[in-house]
Amino acid sequence: MMKVKSNPIYAAHRLAYCAIIFVLIFSVGCTSIKLIADYDEVIDSSVSEFQRNMETHLIKLERNIGTDDASHENSIEFYDEAKVELSSIRVRAAAIPKNELTLTQIELLIQNLENLEKIHQLGIDENDIPPLRNAFNTGTTAILKLELAKKRGIEVGE
Amino acid sequence: MTDIDLSDLVASMLRAAGDSLKDKWPESKDYAESEFKKIGETIIFISQEVLAGRMSEEKAKLHLEMQKNSSKMVLLTLEGLGLLAVEAAINAALKVVTDTVNSAIGFTLL
Numbered sequence: 001m002m003k004v005k006s007n008p009i010y011a012a013h014r015l016a017y018c019a020i021i022f023v024l025i026f027s028v029g030c031t032s033i034k035l036i037a038d039y040d041e042v043i044d045s046s047v048s049e050f051q052r053n054m055e056t057h058l059i060k061l062e063r064n065i066g067t068d069d070a071s072h073e074n075s076i077e078f079y080d081e082a083k084v085e086l087s088s089i090r091v092r093a094a095a096i097p098k099n100e101l102t103l104t105q106i107e108l109l110i111q112n113l114e115n116l117e118k119i120h121q122l123g124i125d126e127n128d129i130p131p132l133r134n135a136f137n138t139g140t141t142a143i144l145k146l147e148l149a150k151k152r153g154i155e156v157g158e
Numbered sequence: 159m160t161d162i163d164l165s166d167l168v169a170s171m172l173r174a175a176g177d178s179l180k181d182k183w184p185e186s187k188d189y190a191e192s193e194f195k196k197i198g199e200t201i202i203f204i205s206q207e208v209l210a211g212r213m214s215e216e217k218a219k220l221h222l223e224m225q226k227n228s229s230k231m232v233l234l235t236l237e238g239l240g241l242l243a244v245e246a247a248i249n250a251a252l253k254v255v256t257d258t259v260n261s262a263i264g265f266t267l268l
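Protein sequences appear in the order of chains A and B.
Residues in the first sequence are numbered from 1 upward in steps of one, following the numbering used here.
Residues in the second sequence are numbered from 159 upward in steps of one, following the numbering used here.
Among the hints, a few may not be true.
Stated by the list, open to error - Every beta carbon over 10 Å from chain A, so not counted as near; a handful from chain B, in silico: (1) ASP166; (2) ALA169; (3) ARG173; (4) ASP177; (5) LYS180; (6) TRP183; (7) LYS187; (8) LEU209; (9) SER214; (10) GLY238; (11) ALA246; (12) ILE248; (13) ILE263; (14) PHE265.
Stated by the list, open to error - Result set (BS3-like, lysine-lysine): computed pairs, CA atoms no more than 25 Å apart in a straight line: (15) A/LYS118 to B/LYS180; (16) A/LYS118 to A/LYS34; (17) A/LYS118 to B/LYS187; (18) B/LYS230 to B/LYS187; (19) A/LYS151 to A/LYS60; (20) A/LYS60 to B/LYS187; (21) B/LYS219 to A/LYS98; (22) B/LYS219 to A/LYS151; (23) B/LYS187 to B/LYS219; (24) A/LYS151 to B/LYS180; (25) A/LYS60 to B/LYS196; (26) B/LYS180 to A/LYS34; (27) A/LYS83 to B/LYS182; (28) B/LYS230 to B/LYS182; (29) A/LYS118 to B/LYS226; (30) A/LYS83 to A/LYS118; (31) A/LYS98 to B/LYS187; (32) B/LYS187 to A/LYS34; (33) A/LYS83 to B/LYS226; (34) B/LYS196 to A/LYS34.
If you're looking for bench data, these hints aren't it; they were derived computationally from the structure.
Even for Gly, the Cβ is constructed at its ideal location relative to N, Cα and C.
Let the sequences and hints guide you as you build the complete structure.
Below, the structure is given as structure tokens:
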């Protein structure tokens, strides 16, 4: 305390630190801040459902390669439904504040669905399945991992 | 009312923030390593199929675009996990300030 009285520079620094700390506290509403959106159960369950539908689609294609059942024409209904599903998830993600990262991820997932349909139109072969499966599993896992982490403070398993 | 020791307070805030950041990184690193390994293996597989003449260039481009998009999705998750870690660090530091101020003045101000 003696130093404060005898050293005006020290006193000025101390005052500045205190001012910064108090401005910081009061400007953030006293208790806590949020830099990213909250967890959303609908996004979690919808993306999980999309992953299940996609895996079912890939298994069916894998089983029926070389037959009419694996043709693009026979999968049009699947693509239409999947596009509607992802569009609906996208709209929900866009409505949640501070959710830009998840929104961009959903848009990339939509692009991947469009690319899958283009590949399918060229004709699906056996060697197409592993990279397709990896792309969708990696993408949906990334979205779900971030969504679950938004629960904050709740440990999420690998 | 007791005096607040500024250097102790700042050190406690830094410690609280640092602990939060340290706790999160190993989990993110393991996740990133595992996902990028899978994407790398898939890209090698696509290249091998093209070189062996079993996959057209047109298809390979679409597949690579999909792997690129998946990589971006992983990076966005890492960015999000980083933001959550920073958020936890800031909140841990703010809690130290709140506790210190409340304890110093003897009642709950913050």
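How the hints compare with the structure:
no., hint, result
1, ASP166, "holds, 12 Å"
2, ALA169, "holds, 13 Å"
3, ARG173, "holds, 16 Å"
4, ASP177, "holds, 14 Å"
5, LYS180, "holds, 16 Å"
6, TRP183, "holds, 13 Å"
7, LYS187, "holds, 12 Å"
8, LEU209, "holds, 12 Å"
9, SER214, "violated, 7 Å"
10, GLY238, "violated, 4 Å"
11, ALA246, "violated, 8 Å"
12, ILE248, "violated, 6 Å"
13, ILE263, "holds, 12 Å"
14, PHE265, "holds, 14 Å"
15, A/LYS118 to B/LYS180, "violated, 43 Å"
16, A/LYS118 to A/LYS34, "violated, 40 Å"
17, A/LYS118 to B/LYS187, "violated, 34 Å"
18, B/LYS230 to B/LYS187, "holds, 16 Å"
19, A/LYS151 to A/LYS60, "violated, 35 Å"
20, A/LYS60 to B/LYS187, "violated, 35 Å"
21, B/LYS219 to A/LYS98, "violated, 33 Å"
22, B/LYS219 to A/LYS151, "violated, 37 Å"
23, B/LYS187 to B/LYS219, "violated, 29 Å"
24, A/LYS151 to B/LYS180, "holds, 19 Å"
25, A/LYS60 to B/LYS196, "holds, 23 Å"
26, B/LYS180 to A/LYS34, "holds, 19 Å"
27, A/LYS83 to B/LYS182, "violated, 35 Å"
28, B/LYS230 to B/LYS182, "holds, 20 Å"
29, A/LYS118 to B/LYS226, "holds, 16 Å"
30, A/LYS83 to A/LYS118, "holds, 14 Å"
31, A/LYS98 to B/LYS187, "holds, 24 Å"
32, B/LYS187 to A/LYS34, "holds, 23 Å"
33, A/LYS83 to B/LYS226, "holds, 20 Å"
34, B/LYS196 to A/LYS34, "violated, 32 Å"
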